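Student: As you go down the protein sequences, you meet chains A and B in turn. Heads up: the first sequence begins at 1 in the numbering used here, then just goes up one per residue. Heads up: the second sequence begins at 434 in the numbering used here, then just goes up one per residue.
If you're looking for bench data, these hints aren't it; they were derived computationally from the structure. Hints are not guaranteed to be accurate.
[Stated by the list, open to error] Computed spacing ranges between beta-carbons, pair by pair:
1. B:Ile-469 - A:Asp-277: 22 to 28 Å
2. B:Arg-550 - A:Asp-255: 50 to 56 Å
3. B:Gly-473 - A:Asp-277: 18 to 24 Å
4. B:Thr-504 - A:Ala-200: 37 to 43 Å
Just so you know, these numbers come straight off a predicted model, no measurement behind them. Think of the CB as a built atom: it goes at the ideal place given N, C-alpha and C, for glycine as much as any other residue.
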Amino acid sequence: MRILLTLLLALLSWGALAQTSSGLKIDITTRGDRLIPIAMPVPVADEKLRLFADTVQEVVGADLRRTGAFGFMPTAGLPALPEAVAQSPELFTQWRALGADAVVASSLVPLPDGRVELRFRLLDTKTSQDLGGLVLAGAASSLDARRTAHRVADFIYEKLTGEPGFFATRLAYVRREGGQQVLLISDSDGENAQPALKSAEPIISLTWSPDGTRLAYVSFETGKPVVYVHELATGRRSVVANHRGSNSAPAWSPDGKRLAVVLTRDGSSQVYLANPDGTNLKRLTRGSSINTEPSFSADGEFVYFTSDGGGSPQVYRASVSGTEPPQRITFEGSFNARPVVSPDGKHLAYIARREGKFVVAMRNLTDGMEWLVSSGPKDDSPSFSPSSKWVIFSSRTNGRDSLSAASVDGKVRTRISLDTGGIRSPAWGRLPQ
Amino acid sequence: MKMGLRQILVSGLALGLAACSSVSLDENAPKGPAPIVSAGQPPAAQAAKDASGEQTSSAIPLPKGARGLSTVPASELQAAGFTADGRASVYFEFDQSVVRRADQPIVEGAAALLKGRIDLQLNIEGNTDDRGTSEYNIALGQRRAETIKRTLVILGVDEGRIEATSNGEEKPRNRGSQESDHAENRRADLILR
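Produce the entire structure from the sequences given, and follow the hints as far as they go.
Tutor: Dropping the structure here:
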């Protein structure tokens, strides 16, 4: 009971902290069934590093809490736990008694060159095991404190769940600010948002190159949809597809060497494959029905897409080599569209109309099982985390656009709200390698 | 402790230059803020032509010496169902791209104007309501625009004078969520130039 109360207080206090920061706000709306309590008291050698330490603690706690799998204990009243602590059986017993299933032993010290070094080890109090640690160095800035924290949270998440973390990743999305559309790149928690493109016209269908250096998207800046590739480090943009009619729905091949795009130069919307500079164009889909919203399979051999050739929009799969006829994938209901394959190739997310609402559906590509991970009423643009465990998507409620995320199993659902304006077209990308 | 962009950039550089035994944070992170681009700036590698060498500018160029819409009296436009600035709209049922009987005079009026005035060009922009996905709606808006384009070609207009494009659900005339609002957004705009 006492542990439960501590956890509740911890959750409440982190909730309060999340409310005070600006930009995107990410809150859990549904939680999974188990919470692993974790403690991370960061001893500070130099009082000037107090803010850095507080930021690391706050961000690690917020990251882990957002997964719905972890509780993060308040540090007030907890014993100091330096990284080099002697790992005696008594130590594990002590922390187990305090209610922590895992505890982070850490040290934060200034380096002679002015940078800050965080050393930490993750200790499992239930098995009395040292799960390893990292040494991270960065500038004494809030930006690097946040980056440090995301790396710590990724480490903890991976060691305790066996799955790769997703905190040191980036989001791209479009925010409507008055009459302007702004393409923003932020950290996975919505902080540190940087504009990459501003336009008076719509920008949609953002998608990251697999190496995390470029975005492909559709911009209406010339008066009609045109596909661009935007290199983020330089701001350099190139036109991939600007043909007669509309150009849209870019999707990268897993090796980043090909883009699928949808062109209408022969009348109806059809999927084409091109190099990222627009050359070597090859038509993939045939016929006169709508064929759009391509997404490559993880092995790059197939393209999933939406077609209304069977009378209603449904998801199909075509082989890139053209050796097999397209195969229909979805059969439930009268609208299944915007398929996207998880990076690990195991799942397909798409937008399904169920009981009049547009929701995110998930399908196991091995056994064909389908389940819903959102409740609508107007969800769109699903995008997987680099770890393939989460999906982010846009939600429109009463004309207001916001972002939401859900775990692939649908157990954890989070709402990502915003202080001003509507946001859409999310794309989840990894950091450049 | 709010950091200015310059400070972040400087600290990012310092981080990159310093040799260290521990894991440097920015080995995987972008170095400093990326440049902001304003749409409308010509992209560095802006393709005036596509890979096949086809002209790909977003608007069909008017013939040399053509003065387009400015030569057409407002009365002639209005008689054909267009506004004085050369615009008309055709509306559609949900998920449909068939021109309703009531709107057919607009398409016929456009055909008559285009055939009678060789200077004129026509852009057709298809639009949808916001039900469904944004990209499927681009395709649906395109089909609406193409339906009108094909009808005009059958009525004798040269295909090269018409460009059909789609705004999908991206440029709603009405942002409401009632059926009457949706109906206003399910349309194709015919824009003479």
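Student: So, for every hint listed, does it hold in this structure?
Tutor: Taking the hints in turn, this is what the structure says about them:
1. B:Ile-469 - A:Asp-277: 22 to 28 Å: 23 Å, holds
2. B:Arg-550 - A:Asp-255: 50 to 56 Å: Given about 51 Å between the Cβ atoms, the range holds.
3. B:Gly-473 - A:Asp-277: 18 to 24 Å: For Asp-277 (chain A) against Gly-473 (chain B), whose Cβ atoms are near 21 Å apart, the range 18 to 24 Å holds.
4. B:Thr-504 - A:Ala-200: 37 to 43 Å: 30 Å, violated
Checked against the numbered hints given earlier, this structure breaks only hint 4.
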